[in-house]
Structure formats: C-alpha cells, structure tokens
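Undergrad: Here the sequence shown stands for residues -18 to -1, 1 to 100, where the numbers follow mature numbering (1 follows the signal peptide of the UniProt record, and there is no 0).
Please keep in mind that the hints were generated in silico from the structure rather than gathered at the bench. Heads up, the beta-carbon is just placed ideally off N, CA and C, and yes, glycines get one too. Incorrect hints may appear among the rest.
[As the list claims (entries may be wrong)] Here are the computed distance ranges between Cβ atoms for each label pair:
#	residue 1	residue 2	range
1	Phe(-11)	Gly37	15 to 21 angstroms
2	Leu(-9)	Leu94	20 to 26 angstroms
3	Val89	Leu(-9)	25 to 31 angstroms
4	Cys76	Asp20	22 to 28 angstroms
5	Tyr1	Ser43	29 to 35 angstroms
6	Ser68	Gly36	20 to 26 angstroms
7	Gln90	Tyr1	31 to 37 angstroms
8	Pro2	Gly96	29 to 35 angstroms
9	Leu34	Met10	30 to 36 angstroms
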Amino acid sequence: MVYALLAFLLRCPEHSVPYPWERCYNVMTKVLYYKNIDDGTMVIDLRPRVNLGGGLDHENSMWNQLTGQSSGRQPPFCDYQYDQNSPVIFYTNCLGCLIYIIMPDLVQFCPLCGQFVS
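Make a model of the complete structure from these sequences and hints.
TA: Spelled out as structure tokens, the structure:
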C-alpha cells in the first residue's frame, strides 16, 4: 500500500492523497508525512521539494541535514517538475515502530539512527 501511495504522489502530486491516507505536517519538527488512518502506517517524506498542489511547494532541508549534503538552491523561476531523480522508499524499525521514508537517494546508513543498511 505504501508503494501505491508513492506512485500516486509522483503521478498526481497536485491532488489530495487518497483514502486511507492523510497528509500531515508537524510544525515543530517541520516534517511532512503521510499517515494511514486505517492501520497507522507512517510515511515520512524527505524529498527536498514536494508539490502540494495549488501552486504550493514544500521545501525540505531535513534530507540535507541528515546526510550532510549542502542544499543547492536554484533560482525561483526554474521548472522543478523534472529536476529530481525518482525517489526511493526505505523502511526502518529503529524507533520502535515501522516507519517508511521517501528519500531522494539510496543510502548506506539509516538517516534516523545512523545504523548501517545491508
């Protein structure tokens, strides 16, 4: 079901997420995530730029902070529709519950706990 959510986000980013998903934003941590209201599955979105629809974009620097990469900001007039690679889904249980993470790149270490990923 998580992969269906990712396919929907890539195919129709300007639409509301379908049931049973809801898009959430934690103002304190500035984290965009999706929650399945039927089973509680959580998907954190760490893509640097997420189209929220209606001309709104969420810019996320958390990926750069977690991986130590610099954020290469582009001029505001650039077309961002095709400037990112296809994201990957990573899952971890390091925080005591299963969490899925949408990331822009493959990783060798978990971005949440730093453990080596085999």
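Undergrad: Hint by hint, where does the structure go against what was stated? Just the numbers, ascending.
TA: 3 and 9
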